[in-house]
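Asker: Here's the letter readout for the chains.
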Amino acid sequence: MIKLTIDGKEVELEKPVTVLEAAKKAGIRIPTLCYFEGLSPFGGCRLCLVEVEKLPKLQTACTLMAADGMVVRTETEQIKAARRAMLEFLLINHPLDCPYCDKAGECELQDLVAKYGPEAGRFAEGKRQHPENFDDPIIVRNMERCVLCTRCIRMCNDLQGAYAITVTGRGSHSFVEPFSGGKYNCEYCGNCLTVCPVGAIMSRLHRHSYRPWFVEKEVETTCGYCGVGCSLILQMREERIIRTIPRVGLGLNNGLLCVRGRFGYDFVESRDRLSTPMINVNGELRPVSWQEAYEFVIRRLKEIKETHGPTAIGGIASGRCTNEDNYMLQRLMRFVIGTNNIDSTARLYYAPAVAYLEQIFGQGITANLIPGIANSDGALVIGGDPTTINPILGLQIRALWRSGGKVIVVGAPGGLKRFASYEVVPRPFAEEIVLSAVVSRLVKEKELKGELTHLEEKIKGLKEPAEGDLQAAGVSAETIDRMVTDLKAMETPVIVIGPELLQHGRPSKNLFLTAALAYAINARMFVLSERPNYQGVIDMGCLPDMLPGGRPIDFEMFRHKIEETLGKEVPQNKGLNLFEMIDAAADGRLKALYVMGEDLLFSLPGREKTRKALEGLDLLIVQDIYLTETAKMADVVLPAASWSEKDGTFTNLERRIQRVRAGRTISSGRPDWQIVSEIARGLGDDKVFSSAHDVWEEVIHISPLHAGLSYEDISEGKAIWPYHGEPLRGVEGEFDVEGLDSLPKVDTDAIILNMHRPLYHSGSTSRRSKALISIFPEPVLMMNPSDAKGIGVEEGEKVRLATSNASIEVKVKIDRDLQQGVVSLSNTFEGVNFMRFVDYTVEPTTGSMVITNNSVKLEKVKE
Amino acid sequence: MEKVLLKNIDNPDSARIEAYEKSGGYSGLKKAFEMEPKAIIEEVKRSGLRGRGGAGFPTGMKWDFASRDPKFPKYLLCNADEGEPGTFKDRPLLEKRPHLLIEGMIISAYALKAEYGYIYLRGEYPHAKVVLEEAIKEAYERGYLGDNILGKGVKFHLSVHQGAGAYICGEETALIESIEGKRGQPRIKPPFPVNVGAWGMPTVVNNVETLSNIPYIIEIGGEAYSQIGNPECPGPKLFSISCCVEKPGVYELPMGTPLKEIIYEHAGGIKGGRQLKAVIPGGISTPVLTPDKIDCPMDFVNLPKVGSMLGSGAIMVFDDTVCMVKVCWRAIKFFEHESCGKCTPCREGTGWMRSILERIEGGFGREGDIELLQDVAMSIAGKTFCPLGDGAANVVLSFIRSFTEEFDYHIKNKKCITQ
Ligand SMILES: Cc1cc2nc3c(=O)[nH]c(=O)nc-3n(C[C@H](O)[C@H](O)[C@H](O)COP(=O)(O)O)c2cc1C
Ligand code: SF4
Ligand code: SF4
Ligand code: SF4
Ligand code: FES
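Protein chains in written order, with the working numbering: chain A, 1 to 863; chain B, 1 to 419.
The shape of chain B in the complex, shown without the other chains:
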């Protein structure tokens, strides 16, 4: 497949506006300005694009809600927090293809009648910040941003807001709180951001990759776009693959490419030719899969059928030398550290799960610990304020479900099955 998102990525100047324009950049924008804002939203709806931030919400529908709200001003926020462990698919877009994102945002803003946009950037991406700011400057200079874009009377201003290193700030309402200068904690929903978002105004939050798909949709039309990959959730998709593979990295492939193909054909198979033991398919919050499930197509529709989720499309591959108890412990340590503290089960429960895992992993596990761990996870699951806590519980439950014998072995033998 011809690359859309990572087009020209090997050109060292891919981030410069000249290179971008030369390869046809900003033509989608010009085309979009000939269209009615409503028509753009219709086109995006027709494309079937679903959000790439994790939840897979239909983008056109989200825009429609926001554009129907009569309140003004409206805001467009780009979620570039990329905090999910294992996820680094937005990074090449931010660092190498900033104008694709900016063009996508201008079209989106035009469709939404939003006059202000912010890119909420992961605090740990200092290089992306430099690149983005330079690119925004270029876009202003060329008249793509400002009070009267390309003389068409369209106004859109864009700036970068850097996060301070909290995973929860990737959650859209916490992100909004953070942009407003408050403590990053999720808000009660409803009302949803499309009605009451930043500073109380209708707000669309979209992932970097989602927005980067917009120029292409405008270019080829929603209909054509909807034919790429799995028609139920179409489009090109970035997969970041890491851990025990030969060629970790970011791959642009059609939605629905089988997991097996990604691991073995694109990422070069398991490192050192070892045996595959487990795969986390969509970032740390998604349930772990055993090797028997890897024929599954990677998309929003098929992964749930095998008990996991596409999430951010961050594939983490573990071979037979990896201790699953340790992976689980490390994952939960992450959740404990990142729990914002707002709700009881996540705040207290993640730490409790971590300490049980810690003692099992360290060889101090007790009989009944697995049941206790499951019980604690069950007490968290479905009862937290936001999906972060839920994610933690599901990780524990899926690891125990898939690797009970490893947990058992740890407790009984005070050491790891891999040793």
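Just chain A, with the same shape it has in the complex:
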């Protein structure tokens, strides 16, 4: 126990902290500028000077550790004079352009001067000058205002890990440089903006249109970009979002955001937003009233159900919509229309991964806390770059490495490049060989627990790759040794699984191997989630074989329980999944499809097949916020409210449920749950839902998993797995693995087209954000330098990229970290998107899609 006296107050400390923190504990405020909670101490501004008895000089409270018996004074004449002097010094070179500066009103320097500063400065000469810098698309730097606290740099280096900025120059000619168009690794997270105390680094998005006192209302909500679910605050004025900010202490992101969350909010204001319902009349979409649209949908659904039966109708839910929206769509399909034909693009990898792992380990196996990753001592990352798919989760892995943990990346390291202990880069799709080798070796050296006999039996039957197989995979035996040694030594490991693990090769085998590894070393698993609510889609029952709460449809008990509670019949036959619905539409079994918040034509491989299938439908209902490619084909288009315009909840990849709150509805769109509810009522549903809250009330009544979980609990951050309700436990079920006793052939000649998942874009929503588009404006094909050289192209030149599906010209961008033999293209831009080029097959065991037709021809385009 440390006891000290600060301004006459006795302070007792359990563990050693700085004098500043001790004072805070005692309720004593010491002014600071370079200090920022969570960043390493710097001690440069000298504002926090205090007197300490027995020490001749004034001391900086932010760097001095409190010691037993210390007597500290924080408000003497000497200290006041010192503070005044420091502020007078700071104002020497700080321009007094406060009326014009966007920071005015929330500038720490302004506040400090008002409180502690001199009335007037005595410096008579001219201030230093430095032009404002607009090199960056979304950040403006005004280094004349910089007070050189280095908070931005410590943030960028130590927490963000981008190492994009530093101090250049010396003395009063020190400036924070440079961001510059990504050239210097800037990830545009904007976290430096949060910590800059003055107006030196600011967002260009609200330049000269923002003052703190303009903010009429602040709405705490959850980011709509990815499955991490960062908490953020919408600052609203006159119906518009003027800024989104994170807040220290709020949510799992605790003051950090990524570029999409911080700057990508303007998609809700895109010109492309739908403004009215539309009906297709003779091949042309015509605006109609909501009434007409509803009547049309209801009439057509009734007709189709009567003529073809309920199973001729299907629904596609959305990982971008809330739990309430998705619950309502599955409710419409199941309990009103009477079909289990409901699925979503979570089918593309997320749902099969979670389902498969839960089959082996039980429900909730992937529900692990993201903030715990940094405290682990090791991580294996496979199948995708967490720093771009789920950036804030990625930062946790960087932090893990920084604190001395081992990070092993299988595949191109991407944003973990400087944070991986080493990377193992097998030839495309040879991960299976690497994992097989590691698992085989590991179980030889480490005895299994004997808990899961099914799993252990299969591990025993695993074919171990021979020397030659490893060679074909492009990985040495020493690398396998090293991985085995390191994995074995990890005490609190995590395994992070990305989409690529499922979308290539044999998904079940890859998943099985990862599960076996996790089992052998006792790892916590995370499945990266590209959408904010893939997990919610699953938990709300938007699966053809699962009811809300993850209850299998073929258990009569679960169906009965819902029937009793709702007084509605639950169809008992398993429905069609996404791919089966496409097939059924193509061969005429499916007549109507209700697509909510998804652009199937854009998001699925095999575009031609999808197009033909959709064309063959009698009724295509598309409910979206934009006129997507799919919407253009629709018979009826229903405009929805966007993320910032509606209430509800998201379930993130840790299964944490968080509130989404409406800022204000500026579009003519309506909340998805509400539209679905109107249609359900037209089809004979008697239940009235008047708010998202009403919907949630029903969810917690019928989903045993969510039993008793109120909006209040969710708001208080209590909705962390396991909830009050009951997970489905103790189902060590049977599961199958494809090709347990064989290994894949590795094609070494082909050039493979892979999906690029850039930090700045996720799906097509980000394409509608002006801010994000300004950073990543057009489609580019990422190529390894030697592949580029092979066909004689340089960065910025064009190539013709072709598969049997499409042949399109696209600009090249060189990426040193990409494997040779792989080129990658994002699925962002209409016309030149990854999915357009490729096809798929479905692996029966997992129901996951496997990308095919991805071997490409490349040819330089002559100018």
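Everything labelled a hint here was simulated from the structure, so no lab data went into it. Where hints are given, some of them may not hold.
To be verified - Which bits of chain A does chain B cover? Going by a derived footprint, with three or more residues having C-beta under 8 Å, they are:
no.: 1; segment: 80-91
no.: 2; segment: 514-522
no.: 3; segment: 541-551
Stated by the list, open to error - Non-contacting residues of chain A with respect to chain B, defined by C-beta distances greater than 12 Å in every case (computed):
no.: 4; residue: Arg-128
no.: 5; residue: Ser-421
no.: 6; residue: Lys-458
no.: 7; residue: Thr-665
no.: 8; residue: Val-861
Since we're looking at a predicted model, the values are computed, not measured. All C-beta atoms, glycine included, are put in the ideal place defined by N, C-alpha and C.
Given the coordinates of chain A, work out where chain B with the ligands should sit on it, guided by the hints.
Answerer: Positioned in the frame of chain A, the structure of chain B with the ligands alone reads:
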């Protein structure tokens, strides 16, 4: 006194290993290897050697701290940044006596169990770089450096790291940052380098001259060494003397030699027989002395008694034709230029002081400027992150204290008292 540090300096081959060995070089090393590392540290403690880099910290104590830290590897860094204006005493050692330094470093490394050493060399000493690298090569060839030195199982590797011209990189923690490849800026202390230094490991930083004293201490023993010069801070000392003297240069004299003796006997008195006006005794950061103080012995103990410091032992002598306002202005210009920018008072305050001095010197001084200047200096003094800023403030305060009338004259008459 027989020369220890500058021994053989007139031999054109003094930098070659043959010449060095011939004059008894590397015998201290052989003797040291017969001793326990701990015993060497004890010997250095007994010698009373205090660091020659400026602060005068007891070397044996520093080593003791570092050797007690259980972390390994440990590093030995030689501070050859020699950035303090007026200071050029390390230069003859680096250029003419590199093996003395290398031998000193090997003994120190052996005592500290450090396996890697770096000489952080002032960027503006290109010739020293060539000499040092050649000497290191020779030492490797003779088996004084390497994995198994003289077959005794001692490992020590040494290389030269050249600075890029920043004064602050002479400050030991900034030097460490710089060696690590970072921006040269001082670190928060504690932890001190002896516990958390280069790459987070226990590190000893010693000045060139400090390390060059080690072979002699081993040779004659700590006890005998402690009898040289002032017993409170004993040993031979290099003084670099410059400006208005007849014979500027580097002189090796016992610690505690009176300033007057150095100026008038060794450096040949004031140039042209003019009147002495002021002396800066220990490099630009040390307060200026007036002629009445020159009887003071030059050492760490006595100079503070007359209001200054020994610093690096760089004596700058000014006669009655020199404008003290101008000297002060030039000194502060240096500090402004060299301020690393980390802390507010030094970054902003040095420039402000310079601009006030500039207008006084240029004949545009205003009434109240002296008080303003003093106030700014007081606002810096004691509040900076590292001693650089403090040094700047003390220079201004001491110049005003000692030469108020010159400052006054400048402001009132818009010209210098010397004109
Ligand atoms: C601004 C500043 C500059 C310094 N420059 C030097 C230098 O050039 N050479 C040097 O040996 N010590 C210099 N020092 C002192 C070092 O910080 C350190 O005290 C010294 O290297 C320790 O060696 P010693 O114990 O052998 O004296 C400087 C200190 C400060 C504050
Ligand atoms: S936006 Fe992020 S990555 Fe870029 S400089 Fe700021 S903190 Fe660093
Ligand atoms: S830009 Fe802002 S945060 Fe960065 S050093 Fe300057 S004042 Fe501090
Ligand atoms: S006093 Fe401050 S600004 Fe000046 S050199 Fe030291 S740390 Fe840097
Ligand atoms: S807050 Fe302590 S020095 Fe800046």
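Asker: Confirm or reject each hint.
Answerer: Comparing the hints with the structure gives:
no.: 1; hint: 80-91; result: holds (count 7)
no.: 2; hint: 514-522; result: violated (count 0)
no.: 3; hint: 541-551; result: violated (count 0)
no.: 4; hint: Arg-128; result: violated, 9 Å
no.: 5; hint: Ser-421; result: holds, 18 Å
no.: 6; hint: Lys-458; result: holds, 46 Å
no.: 7; hint: Thr-665; result: holds, 48 Å
no.: 8; hint: Val-861; result: holds, 42 Å
The structure does not agree with the numbered hints 2, 3, 4 stated previously, though it agrees with the rest.
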